Amino acid sequence: MNEAHNRAGVTHYSSSSEPPKVRDLDNFVELFRAIWRRAWFIAAFTIIVVGITALVVWQIPPTYRAEAKVIIQTQETNIIDVTTGLPTSAEEIASQVEILRSRFLAERVVRTLGLQSHRDFNGVADQQTENSWLVRLGLDKILPSAVATIADTGTGSGESADTGPEVKPAGGTLRVAARSVGRGLEIGQRGTSRVIGISFTSTHPRIAADIVNTLADTYITSQVEAKSESTRSAIGYLDERLAELRAQVETAEQAVEEYRAETRILQGVNATLLTEEISRLQAESARARAGLAQAEARQGLVAGLAEDGDTGAIIEVINSPVVQQQKVQETTLLSRMAELETQFGPRHPEALNVRAELAELRRKMAEEVRLTIQSVETETAGARAQVVALEQEIEGFRRQLDDQNRAAIQLRALEREAEANRDIFERFLERSKRTDQDSVQAADARVISYAEVPRIPVGPPKKLFLAAAFLASSLLAGGIVLVLELMDKTIRSPQDVTTLIGLRPLAVIPHVAPPRGMTATEFMLQKPSSAFAEAIRSLLLNVSSAKKDAKIWLLTSALPAEGKSFAAVNLARLAGGRGRRVLLIDCDVRRATVHQLMKARNDVGLMDVLTEAVPVASVIKKDDKLADVDFMTAGRYVSDSVEVFQSKRMAELLQELRGQYDLIILDTPPVLALSDTKALAQRAEATLLLVRWKKTTQNAVAEAIRELKEISIQVDGAVLTQVDLAKYQRYDYSGVGLGSKAYTSYYVD
1 MNEAHNRAGV THYSSSSEPP KVRDLDNFVE LFRAIWRRAW FIAAFTIIVV GITALVVWQI
61 PPTYRAEAKV IIQTQETNII DVTTGLPTSA EEIASQVEIL RSRFLAERVV RTLGLQSHRD
121 FNGVADQQTE NSWLVRLGLD KILPSAVATI ADTGTGSGES ADTGPEVKPA GGTLRVAARS
181 VGRGLEIGQR GTSRVIGISF TSTHPRIAAD IVNTLADTYI TSQVEAKSES TRSAIGYLDE
241 RLAELRAQVE TAEQAVEEYR AETRILQGVN ATLLTEEISR LQAESARARA GLAQAEARQG
301 LVAGLAEDGD TGAIIEVINS PVVQQQKVQE TTLLSRMAEL ETQFGPRHPE ALNVRAELAE
361 LRRKMAEEVR LTIQSVETET AGARAQVVAL EQEIEGFRRQ LDDQNRAAIQ LRALEREAEA
421 NRDIFERFLE RSKRTDQDSV QAADARVISY AEVPRIPVGP PKKLFLAAAF LASSLLAGGI
481 VLVLELMDKT IRSPQDVTTL IGLRPLAVIP HVAPPRGMTA TEFMLQKPSS AFAEAIRSLL
541 LNVSSAKKDA KIWLLTSALP AEGKSFAAVN LARLAGGRGR RVLLIDCDVR RATVHQLMKA
601 RNDVGLMDVL TEAVPVASVI KKDDKLADVD FMTAGRYVSD SVEVFQSKRM AELLQELRGQ
661 YDLIILDTPP VLALSDTKAL AQRAEATLLL VRWKKTTQNA VAEAIRELKE ISIQVDGAVL
721 TQVDLAKYQR YDYSGVGLGS KAYTSYYVD
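If you read the sequence shown in my numbering, its first letter stands for residue 1, the second for the next number, and so on.
I should point out that these hints are in silico values taken from the structure, not numbers from a laboratory.
Just so we're clear, the structure is a prediction, and the values are computed from it rather than from any experiment.
Treat the hints with caution; some may be incorrect.
[To be verified] The list that follows gives simulated cross-link-like pairs (lysine-lysine, DSBU-like), each with its CA atoms no further than 30 Å apart:
no., residue 1, residue 2
1, Lys-527, Lys-709
2, Lys-433, Lys-227
3, Lys-648, Lys-695
4, Lys-648, Lys-622
5, Lys-489, Lys-694
6, Lys-695, Lys-547
7, Lys-625, Lys-547
8, Lys-727, Lys-489
9, Lys-648, Lys-625
10, Lys-695, Lys-599
11, Lys-599, Lys-621
12, Lys-709, Lys-648
13, Lys-727, Lys-695
14, Lys-69, Lys-625
15, Lys-621, Lys-547
16, Lys-551, Lys-462
17, Lys-648, Lys-694
18, Lys-551, Lys-727
19, Lys-625, Lys-489
20, Lys-621, Lys-548
21, Lys-463, Lys-548
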């Protein structure tokens, strides 16, 4: 990108260069410059807001905060113990905090301290505050009746600084006062401890301390009252419940006994009587079976020996004392018979007697054996009968036991019910006795720190308010400035000309405020070293360099009052002062201005030449300041001027004049106002667009350029006019523009 700064500090480009793009850093710098350009607004806005804040803050009375602390005590908890302490979980402590914030306690505090009649709690203070502001704002003159009505609720001077003034409640109620107390309370858990802090902020320090301490005491008292009420309710409930339980126990026990009698279930030492009897019979049956087994075994053995005819073995088996004695007698007789036979012979009478006695003995022995065998059989049959009888008896008892077992199921259910009722009754009886003993209740919390009357105010934080007001107002003012900057679509610098509308910036023409006795068009001639004169020189140099062969220059603008006629006159005089033959033609037939700037009459002019065939020489006037400058006024008004400017006569006229002058300057109407300029631009060799600084919008300029491009007219550059040099530097990105202090010594205004 080829850039050069002329003597007026204006950046211009060669015809082959493209308009530069603004870098991010430039955007940031422009953001800073936008704030800096309106620093006066930000400062004024901030000062006003801070001043109002200071006025308000200094009217606010000081506030005091008093704080008391309550600790929740830990005790063991019993499910049915209505007098035990509170658990100290986070949820329970949060619940106690909400209880402390309750309207119930606030109303008790209000009643205890009599705050219903205090102006700060019954709504009167708010009315008096409004009254004071009405007076301070001067609204007492506008609303005298309202101010007088409100003033009637106030009090005179001489009020206590601690307690504050007291008035009769003006429509105030207990609920209103309780809400006022609640708004000033701050209650919360201190860290993770069991301590709850209670604080109150008020303009009256003693009231703040009284409210906090009263609330803490009321909270403790309400706990005791609640527990006492719970105890009384529990005692009443327990008495009623004990009577019910006593009746239930009696009914259940009676049902047990009646059912036992009905089913004849008798209780033994270790079990029911049937169970004991079955056990005894089973034991006897076992013994009988054992005896039966022995008898059957003995009978079988004897029967076998008898079948074999072994009488001796039978005698050994039956082991009868009689038979044994007879066996001994047999042995004795055999021994004697053997002696007698040996001594006297077998026929001896004594031997025969002994033999007869032995035969009789043996007959008796055989009879005894027979009887013994019969006895064994009888004994076996008896044992067998006994076993059968015992089993039958056991089976009968078992059937009875099954019936009783089925009945015992219901009996056990009745016994369990009776036992449960008895247990509940005993527990309630014990609880009733303990409740009677614990009728004196203790609170589950206690005050560990009462509030003292505060001496040092905690608010309002005046410095903080002022700092916040300063910061907020500064940010708000900065935001307003940025919004205004975003909404400002005017052209404010050569960089805007390049980046926003894509044209070359040809010059920056300052606003001229000539001294008394000097016209604006004479200013350049009498102040040739001024910044204004240097800007016109830059315009002439830039256009001449860019359009070397162009003799017909057209000056136009997007909107009226852009300063094009003023610039055209001064440009013509500057070119004429350099030895060029210059002709200035006023082409704005509807709002002709050149004749006024040149102090001439507009009796005949351009339109007369074009429509009435008036000779050109008769309408060309001489500038009384410079001999080489001629000008042609607009002449009479013609409604269809576009057709005239597009006529062949206009082309011939310009061609004729081109041969007589070195430079022809056409002062034309605004592009967006009339179509005359588009017709004339087709005849011009250089088209210059004048843009009024900080007045003409980007959209207007872009629309003018678009309309010219529609007829294939290329705008050769733009000129900023009526620039306020004192403010211009704030919009110059480079910092070395026309308004730079670095060039002040070069200009003599």
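If any of the earlier hints don't hold here, list their numbers in rising order.
-> Structure breaks hints 1, 3, 9, 14, 16, 17, 18, 19 and 21.
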